[in-house]
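Can you build the whole structure from these sequences, using the hints too?
Protein chains: 6
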Amino acid sequence: MIEDPIRSALDAGKTLSNVWIMLGSGLGLEIAAHAGWDTVTIDLQHGHGGFSHMVAMITAADAAKTPALVRISHNEPGYIHRALDAGVQGVIAPMINTKKDAADFASACKYPPVGARSWGPVRAALITDGDYTAHANDWTFCCAQIETQTALDNIDDIMSVDGIDCVLVGPNDLCLSLTKGEKLDINAPEVIEALDLILAKAKEHNVYAWCFANDAEYARMVAKKGYQIITAGADVGFVAAGAEAALKAAFDL
Amino acid sequence: MIEDPIRSALDAGKTLSNVWIMLGSGLGLEIAAHAGWDTVTIDLQHGHGGFSHMVAMITAADAAKTPALVRISHNEPGYIHRALDAGVQGVIAPMINTKKDAADFASACKYPPVGARSWGPVRAALITDGDYTAHANDWTFCCAQIETQTALDNIDDIMSVDGIDCVLVGPNDLCLSLTKGEKLDINAPEVIEALDLILAKAKEHNVYAWCFANDAEYARMVAKKGYQIITAGADVGFVAAGAEAALKAAFDL
Amino acid sequence: MIEDPIRSALDAGKTLSNVWIMLGSGLGLEIAAHAGWDTVTIDLQHGHGGFSHMVAMITAADAAKTPALVRISHNEPGYIHRALDAGVQGVIAPMINTKKDAADFASACKYPPVGARSWGPVRAALITDGDYTAHANDWTFCCAQIETQTALDNIDDIMSVDGIDCVLVGPNDLCLSLTKGEKLDINAPEVIEALDLILAKAKEHNVYAWCFANDAEYARMVAKKGYQIITAGADVGFVAAGAEAALKAAFDL
Amino acid sequence: MIEDPIRSALDAGKTLSNVWIMLGSGLGLEIAAHAGWDTVTIDLQHGHGGFSHMVAMITAADAAKTPALVRISHNEPGYIHRALDAGVQGVIAPMINTKKDAADFASACKYPPVGARSWGPVRAALITDGDYTAHANDWTFCCAQIETQTALDNIDDIMSVDGIDCVLVGPNDLCLSLTKGEKLDINAPEVIEALDLILAKAKEHNVYAWCFANDAEYARMVAKKGYQIITAGADVGFVAAGAEAALKAAFDL
Amino acid sequence: MIEDPIRSALDAGKTLSNVWIMLGSGLGLEIAAHAGWDTVTIDLQHGHGGFSHMVAMITAADAAKTPALVRISHNEPGYIHRALDAGVQGVIAPMINTKKDAADFASACKYPPVGARSWGPVRAALITDGDYTAHANDWTFCCAQIETQTALDNIDDIMSVDGIDCVLVGPNDLCLSLTKGEKLDINAPEVIEALDLILAKAKEHNVYAWCFANDAEYARMVAKKGYQIITAGADVGFVAAGAEAALKAAFDL
Amino acid sequence: MIEDPIRSALDAGKTLSNVWIMLGSGLGLEIAAHAGWDTVTIDLQHGHGGFSHMVAMITAADAAKTPALVRISHNEPGYIHRALDAGVQGVIAPMINTKKDAADFASACKYPPVGARSWGPVRAALITDGDYTAHANDWTFCCAQIETQTALDNIDDIMSVDGIDCVLVGPNDLCLSLTKGEKLDINAPEVIEALDLILAKAKEHNVYAWCFANDAEYARMVAKKGYQIITAGADVGFVAAGAEAALKAAFDL
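Chains as they are written, first to last, in our numbering: chain A, 171 to 423; chain B, 171 to 423; chain C, 171 to 423; chain D, 171 to 423; chain E, 171 to 423; chain F, 171 to 423.
Keep in mind that the hints are not guaranteed to be accurate.
The list treats identical chains as interchangeable, and a pair is accepted whether it falls inside one copy or across any two copies.
Below 30 Å or equal to it, Euclidean Cα-Cα: the simulated DSBU-like pairs (lysine-lysine) are [what the hints assert, rightly or not]:
| # | residue 1 | residue 2 |
| --- | --- | --- |
| 1 | 269 | 418 |
| 2 | 184 | 418 |
| 3 | 394 | 418 |
| 4 | 235 | 394 |
| 5 | 270 | 353 |
| 6 | 395 | 353 |
| 7 | 269 | 395 |
| 8 | 418 | 373 |
These are calculated hints, taken from the structure and not from any lab test.
Okay, structure coming up:
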């Protein structure tokens, strides 16, 4: 068996913290991880980084002994297996809107008989001491991002796909979709309602529920609701806020 | 003439803020710069980055319209001209301890007759509309880092070298040197005394005086003394502090 | 509002020049841009470059104050938002052959309600001073490349898709397609006829019309027809022609 | 005409050896190639490497005068033309399971009238002395990977697609698929049977037959069957086996 | 205290195996390390790699829980502190021929009062939980490479420099030097004699003794003599030998 | 023996053309080389590129079958052997001003007994079929750049150093030095006079004479004088001139 700190903690009822990495820097990831976050997301959708950066960041997370997930830029098998083969435990696919989206995603994440992931896990097998192929389907953590009206409409279909381990709610995009672009307000009633629905459905379908939070208050709110993994910070935000605060503190600017 | 925002501001009596970039990311640099810092330092001595990162960060600083300086990893002509040719206005050489160190540094920074910088400023000439060669010696901003007992012993010799435009005090290394490794305390009396001496000497020799500050309090203290450029934050610190604060705010950890 | 030099000039009746960058070098891009071109295309379809090169080139275009467009290698949402999030104003998708192609492309380029672009414009928001989300749909410049018989057959359908701002004619591929691979002659009657048709349709559908020209003569010809953006040179061609001419000039070879 | 060492040798009845490169290193590729392998595969599906690595490895193969093929990570036109434009002779698309998969793949590989490959072969034209466009369809070597039950079910449809030059059998994935994930044994009877079927069909459809072999014994076995190209080693395997053997030889560990 | 697996093992009388990495690949390093080697050398003198590769490989060694050393390309302070700041435990400087070479090297490796290493260990402090500065001088492992007649002539001077922790014998260069370029034979009597002398001197001066061995036989020989760290394999050799053996095994070539 | 196209041609009385590469692009290098230049210089002093770019460009030159030289950024052994180990035939060191500069340079370029180059030519040995070590001293082509008054003063001393194969005159820097920064005019009488002196001395000392020419006229002039290698173009110049000419040709700008 491969050690699975994510499921172990979740199944023990722990809420897992998650920090979001967008600068593409392995060093930045390690610095953030060392603050004590339970998990780290390497964002290749809205964050920076090519293949080399992804591998460097996955390796940096291993060095920091922090479980990592990669958010790929698009639900495409090549992105999925390149991340998984590089040894990351989790993959997040954005914009999973339909049963077909979810099935394609899960199929690329899981070996037969669950899916049709192509075999060749060089680094993944290495860092799990060779036990990888037999346990991969149970170990890899595949997260479907729910962030549109269409996804809500298909929520049961999506969650019932075999191989989908977790759903990640993106409240920013969800708001844009639910309000047809009228606002970008993650506290909008439509969004809060959707958060409740998704969480209830996740429990029903026995998939883990994760929420991206723009700030600490939101993180506390969704934690209270029962979300199990909560993103509550991003490196780009830390730099922006820190740069502003330091300038003000030193120069009153 | 090439626009010279650094000397213009300093000669008008303004204290310039400076932010330190160590992650090697052009995006990180831009985010920090957009907070409003007057200048940005690309640290290649203790910060991360190879040649491509340096060029990317210099270009990012240009895009952010923020004057940039590169701290090279060692006082070596190849490092100096590669930074200057790439269009950066300033170079900081660490560990300038003797007149010879300063003379070697200035010689690599300035074209004849001041020095012996090799000619070939491809990007530098491009971004300054071709006026570069004639004005480079007046425009480039060459900063000798003063951070050891030996440098203090040779302070007049160092500052009297033609082509040295500025001195940058590194109080951390200075403390390690002055106390022979006994402490790392930038408020140690030996350090404060040295700060005063260096500033007085800088005025005497007509070179600009810059101080690296570990925090805002120190920045205010050295600004009050009369230091003209003050570093008061670093991207790695912003990530570390932000990651810690966000975790605590959201999860009470 | 975000400054929009492309639409401002076009709407004022100006023909915009465009230079094509294929070497993947930010320095090369800046050198070409400084010659005075109105816009620059970063070609990731037939040109060289991974994610880091793309960001470096977009940043270099910002430093050179020249509006840039990225030609992605395939009509895929991940490519589109990664380019747009990095702050580029325009995206060109090759091989837009059907209404579905155009709709998928526009959907990835525009936020709701026009499309379903995923939100997270870190660098884009930064360089537009935070005004990005509200104005992005009006500002981003999304160009569908028309280069096959199929596209001609579907030209009204393609141009009527909401969010398609411009069409770019690729006469080389168009000729290969129209002549079923028999020739590669951008002056072939079929191609010229198609150029006229596309231009007329563009006016009818109120989308801008852009043409790639292999040489100056062609550029003049399509400008005379009324094309509004005209590509008339590529870095790889400049190197090839320059290397040949310099060798001949110096050595009679 | 462009020299075509692959087809020349195959048509003369030679069995071609192939070595698999997964480390992403041009130097590693050259070292392996210099051992005398007939061809080299740059694996971007399960191997490491971004765009820069791909170009570096293709160039390294040219320097080593060894014909190269790129295995792309997914059957997507952008990956295909970027590899071909960079001058590689062959492309392998994984998971070609249906006639549509094969047709999409061939279409992206071949110019009209065979397919709809987009034109712009900068490096490819350069290294073939300008003769590229006219001869590309005959020269490029497009290999469909057969590795699932579905592919076997559609084998005639796949092989009859115009532009598919070769089929590559991946026995590891084939076994996972045929046994519904029960085992990973390339000697399983189902696999051997499939190997025979694919080879017979390849002869019937006049496409070349290639097999990936995990070891020398398997290589000899499939060579004996009549497979024409045989992969019999990978750089990652050489490092793993060499590192283990050297440690044992020197330290009895 | 920082855990020090190198000195712990050596002081307990263990002979440490070392594998040499020249391909510049973090994945290659991890594969080699997982075979069970006690330590790994990242060779930036004759091996491939820029700054990014160095950081990636140091991080990969951390992920593989294998102590790493970097051989820098030249005895220059910038190279030394960039490697140490990135968190590597050991640095090897080639061509340490004189007392001054050794003193310069040690000075750049050790903080005051032993040397004058510049302070700023961002990643190093991170991965050692903040204890770095106080313990760095005892923890970092600084290895002077002895490989010329001049070095032999100055062996006592070199070894008596405070801060030199270990000497590494390079028998290939040593042979070229001792025989004035006449042969490259690591079994030459002059070389063997020098090996004995260096080992005896190392014991006398209380520095660790390391030898690079071209093959297992040589490794056993120098281990028997008493060398404490022994390099007995390199990734480039594994690829070369593996590629040759696999070709021969499968195709009798 | 290793094939030596540079010396073969020079000794047969041929004047060799040389093109200068500053963009750091292997593709750019190949395009330039394919125009028919005899040799290519990879400029890492005033041109762009880190270690990876250097290796990519050396490999590209091999693929283009064009002998390459690397101009290092500073006369430092680490730069020299990294270039030579990567397989390049020639190295140019800038600013060789004294006998010591020349001796240090030659020592790093040549193995004992001529110099003290460190041994480990992985790629170099590979591409020369293993014959490298025995023939390297005769094959590598080590060029000292003469570009200051001091160098002229020491010209006999410099040229008499064993291992210096060629001198390269940099007339731009030479003019800045000879006129103490007063002008940048490669036709200044002081420069022309120096060109004659250097050429005469080169013949006397039996070293090859190379001149960098800013344009074709200058190239013809120095060829007529008897210079044997002549640089007559640079990729950055080709892009700049081509971008300007194309804009003017198409748009009258």
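Taking the hints in turn, this is what the structure says about them:
1. For a Cα distance limit of 30 Å, the shortest separation of residue 269 from residue 418 qualifies neither inside one copy, at 50 Å, nor across copies, at 38 Å.
2. Taking the shortest Cα distances, residue 184 and residue 418 sit within 30 Å of each other only across copies (16 Å), while inside one copy they are farther apart (38 Å).
3. In this assembly of identical chains, residue 394 and residue 418 lie within 30 Å of each other by CA distance solely across copies; the values are 16 Å between and 34 Å within a copy.
4. Taking the closest pair of Cα atoms, residue 235 and residue 394 come within 30 Å of each other only inside a single copy of the chain (27 Å); across copies the shortest separation is 38 Å, beyond that limit.
5. Proximity of residue 270 and residue 353 under a CA criterion of 30 Å is satisfied in both settings, with 29 Å inside one chain copy and 27 Å between copies.
6. Proximity of residue 395 to residue 353 under the C-alpha cut-off of 30 Å is restricted to the intra-copy arrangement: shortest distance 23 Å within a copy versus 43 Å between copies.
7. In this assembly of identical chains, the alpha carbons of residue 269 and residue 395 lie at most 30 Å apart only when taken from the same copy (26 Å versus 43 Å across copies).
8. In this assembly of identical chains, the alpha carbons of residue 418 and residue 373 lie at most 30 Å apart only when taken from different copies (28 Å versus 45 Å within one copy).
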